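Listed below, chain by chain, are the residues.
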Amino acid sequence: MAKSSPITLSRIEAVALDQASLNAARKLLNQSKWPSMEQDAGGRLLWGACQGSGATAYRVAVEIADLGAKCACPSRKFPCKHAIALMWWMAEQPEKISEGEIPEWVNEWQGRRRRTAPANDAGNAPGPQKSAKAAVAAKPAKPKDPERAKKQKERVRKAREKSIRQGLDELDTWIGDLVDRGFGGFSGQASEQCRLLAQRLVDAKAGGIAGQVDALPSLYFRTPEAERYDVLLKTLGGLHLLAQAYRRQEALDPALRADVRTRVGWTMTRDELFASKDAARVTSTWTVLATRRESQADRLVRYETWLAAANNEELQTAVLLDFVPAASAAGAGPSLEPGTTLDAELVFYPSATPLRAQIATQSNVQAARNAPSPRNALGAALAEYDRTLAQNPWVSEWPIAFNKARVLSDGNGRPWALDHDNTGVPLAGDSGSVLRGLDELELFGTFDGRELTLLAANSVLGPLWCTP
Amino acid sequence: MSLETASEPTISEQNVEQERLSLRRALIKGASREPLTVPAWLSPPGAEGNVLSLIAALGLRIRFDRPTVPDQFETESVRHRPARLLGPQARRLLCRLFGSSKKKDLPETAMRLLDLFSELDLHLHPFDYPELKTLMNADVAMLDANARRWLLDGKGDEPVLSLDDIGDDNWTSFTPAVRERFLLERRASNPAEARELCAAALGDDAASVRGKLLATLSVGLSADDVEYLESFAKDRAASVKNIAGALLARIEGTAAHTERLESAHEQLDLKSGGIIGRKKMLMPRVPKGTAKSKVDTWIANTFADVNPADLASKLGLTPKVFAAAIGNQTLKNTMFQNAVNARAFEFATLIAAEFDHRDAWALAGPGRFNSVDRNDRARLWECFERAVGTTSLIDACRLVDALYGTLRVPPPPKFIEALAAGKPWKQWTRAVAKDIDLDDQSAPQTIMTFAHSFHRDEWRNRFSELPPGLTTNGLAIADLLDAVEAQASASTD
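Chains as they are written, first to last, in the numbering used here: chain A, 4 to 471; chain B, 4 to 496.
Think of the hints as simulated: they come from the structure by calculation, not from any bench. Note that the coordinates shown come from a computational prediction; the quantities given were computed from them, not determined experimentally. For glycine and all other residues, C-beta sits at the position ideal for the given N, C-alpha and C. Warning: the hint list may mix true and false statements.
Under the rule of at most 20 Å between Cα atoms (straight-line distance), these lysine to any residue pairs were calculated in the SDA-like manner [said to hold, decoys possible]: (1) B:K274 to B:G256; (2) A:K99 to A:K156; (3) A:K208 to A:Q196; (4) B:K136 to A:K208; (5) B:K32 to A:D183; (6) B:K32 to A:A431; (7) A:K407 to B:F130; (8) B:K136 to A:A431.
On the chain B side, residues computed to face chain A include the following (Cβ under 7 Å) [unchecked claim]: (9) V54; (10) L55; (11) I58; (12) P70; (13) P129; (14) A195; (15) M284.
Whole structure, please, built from the sequences with the hints as guidance.
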């Protein structure tokens, strides 16, 4: 027998901002887009995850009494199409919504919430009429001529290739000028000169390299003075190497070629990735180690979700990336919490060293007891990092994991991760300080060649999931 | 990608390192000032002498460098007691209530929780320290050794010592708050030892610290302390002299006691009133010309540390008559405080029998009864029963909350029962929903007051009548207290 629902279409019509919201929500009434939909035993709250264009699904919650809603998507509409779609599921197919325990993020939202005015019936709603029926009846847009679209796409690609090469020539000229003037004078004009070059690279459609140039001044100034020369050498050397590799990309292995093109600024859509024959697919039980948030110069906020799985006794890692406009980033964020496991098929972007991935399917999200155990000690993990770097010289940071570790502070109070033969790496930030006094640690982090930023740790006191 | 080619000589580590060092100066100064010579083995075919190739090769080479591991590390003295760490549910709830994402502090609630954890010998989980800094800063002295070390590490010149290791030989190295607590605890078990420790250590501290430590002698005060207290007659700070004098005044048989009693007696007017003149009335004889704003201070100072039993005896009044006769609120409160200090709880109860809610509010305030033993503080709730019962429900709830902050001991069940039943409860929840802003952090404190396990389930049923924010936070606190108490009882089984 079907469950009766406290949400009706008329209530949904009343809260929807406009007809476009209803139309957009209607397109989300496809169960494949909803890895999860749940409600609490008291019938007070609804929540779920809706797969958008990002790597991770958007978290959505609705309070049934007043149809107050929350969503992690960057939309400025309130309620957004995801929230309306979830309400719509409840209104028309409540049997698809299972009962579950209220997750922490919903409790957090409730803890901050103020009550909104209760939703009225559609008859009392101000503004233009909105109709769920009209959304159902809406016809899809007319498809374009595929042959013509293909030719247009090829023209655009060639133009962009030409533009990028011009941009790379400018880059090399800029590096050459800097070498002529000397690294010693870099600090005085770093910000202005890098910004100008970055802008020209953006105009040349080489956004990936533009971002690296734009980030150089802040990297330079936050580096200890004694190491700044090396930072410049590494960065500028890597940029020229990338430019040369791009010019000779036809001679590269396809996987490395993909890395080069990505670093310069070419992107692959989610649909293109899923259709690609070069994309590796891995199905496993993945543990979410950590999430990170970084504000970028291009006014996007970048979210990283780091995952690990034990496959055939080897530890495999992956990172999911989501980009959200900074203006709407508050309250947004990945839907996967550190310390959870999920059964998922991941599709990896083509690369000589595959790491970035998207989730194709997911299910069975649960709390994790621990992160999967690494097999190697620190020395072997660092050797693996070196091999990765040799295969892909543009890797900026790489996940490593090692066992039998301990954390000690040096004379300056900086924490180091050490193994039994005193191979060690310094730890970034202060998350490592809470691990002091513990032996036989299993540590997971991202290594950039100089320091390790912790993602998670297994210990006798339980797991540590590093929050940003 | 490799720097080796079939027709080029193999590049050795030494070659690259040598080139790197010799080219460093040239790269810093600039090729226009110091020309760069690119070695043949570093130039790709067709790009001989290409400086950018040199930069790329060297830059890549540097990426394989690793930081040098120091020869020595600090000896680690952190010791964990896994069985005493908060469990997963309590951790989760604590992080929800006090996590770093919270915009506002809950200092009073935080202090009460740390007090509770300390009492139950439960400690914060070290992995939660970064998230719970706000909570930890509420009362650093109540933290366990590891938490305190983590919080204070690298801050200032204060040595980071383990609270577990505090003892007679190192107690002076701790903060004033910790030293005060150390002495209070020692006074409760061995007043003479505490006095000797105090005497040995009080030399160089500032007056405020010396005064605070000297005041700990109020616990277990006796004639044995007279000689030590009299030695402060020549202390360089007036405030310290006053504290010593006040303590002496409490010890029967001392000159200070006699003098204080005489002075208080002279400043009191005992009148008869009422229809047939049987009602006695005690009023302070405030000197003429005393500014109105200074009257209460004069009364509190004049009658401080005078045992009401001694005063009643001197006036020829029974304790009951004396208590009923006090006609001035400040005098009443001062006599109450004096009775508590003298551990004359029956007398204190008599005085408090006349308390209304204004009297109780005047006595509520943090730190007032810090030197009073916890069991004695628990007894003091009886003194406020009338005050709580003779005001409106909403004010009663707030008063009990304020008294909890003062006494730092939960109220007995009967205080809660009367406030949680039937119609008055509905009126209170309506008033709370109307009056309390969701950002008002006093709400969780009030919930803490009533979160006695006896009534926690009762409260859970009624939380749904509150606004969502209060419901969720209130339930979180109730769940947290349940989890903590369950863990504490399981670990003692």
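A quick look at each hint next to the structure:
At roughly 29 Å between alpha-carbon atoms, K274 of chain B and G256 of chain B are farther apart than 20 Å, so this suggested pair is violated. For the given pair, K99 of chain A sits about 41 Å from K156 of chain A by alpha-carbon distance, which is inconsistent with the 20 Å threshold. Restraint check for K208 of chain A and Q196 of chain A: satisfied, since their Cα atoms lie roughly 19 Å apart, inside the 20 Å limit. Annotation: proposed proximity of K136 of chain B to K208 of chain A is violated, straight-line Cα distance about 45 Å (limit 20 Å).
Using a Cα cut-off of 20 Å, the hinted pair K32 of chain B and D183 of chain A holds, with the two alpha carbons roughly 8 Å apart. For a cut-off of 20 Å, the pair hint linking K32 of chain B to A431 of chain A is broken: about 32 Å separates their Cα positions. At most 20 Å may separate the alpha-carbon atoms for a hinted pair to count; K407 of chain A and F130 of chain B meet this at roughly 19 Å. Our distance criterion of 20 Å between C-alpha atoms is met by K136 of chain B and A431 of chain A, whose separation comes to about 19 Å.
Because the beta carbon of V54 of chain B sits about 6 Å from the nearest beta carbon in chain A, less than 7 Å, this interface hint is met. Interface hint status for L55 of chain B: upheld, as the beta-carbon distance to the closest one in chain A is roughly 5 Å, under 7 Å. Interface hint status for I58 of chain B: upheld, as the beta-carbon distance to the closest one in chain A is roughly 5 Å, under 7 Å. With 7 Å as the threshold, the beta carbon of P70 of chain B comes within range of chain A, its nearest partner Cβ sitting at about 6 Å, so the hint holds.
With 7 Å as the threshold, the beta carbon of P129 of chain B comes within range of chain A, its nearest partner Cβ sitting at about 5 Å, so the hint holds. Interface hint at A195 of chain B: violated, since its Cβ lies 38 Å from the closest Cβ of chain A, which is beyond the 7 Å cut-off. The beta carbon of M284 of chain B is not positioned within 7 Å of any beta carbon in chain A (closest approach about 53 Å), and the interface hint is therefore violated.
Checked against the numbered hints given earlier, the structure breaks hints 1, 2, 4, 6, 14, 15 and satisfies all the rest.
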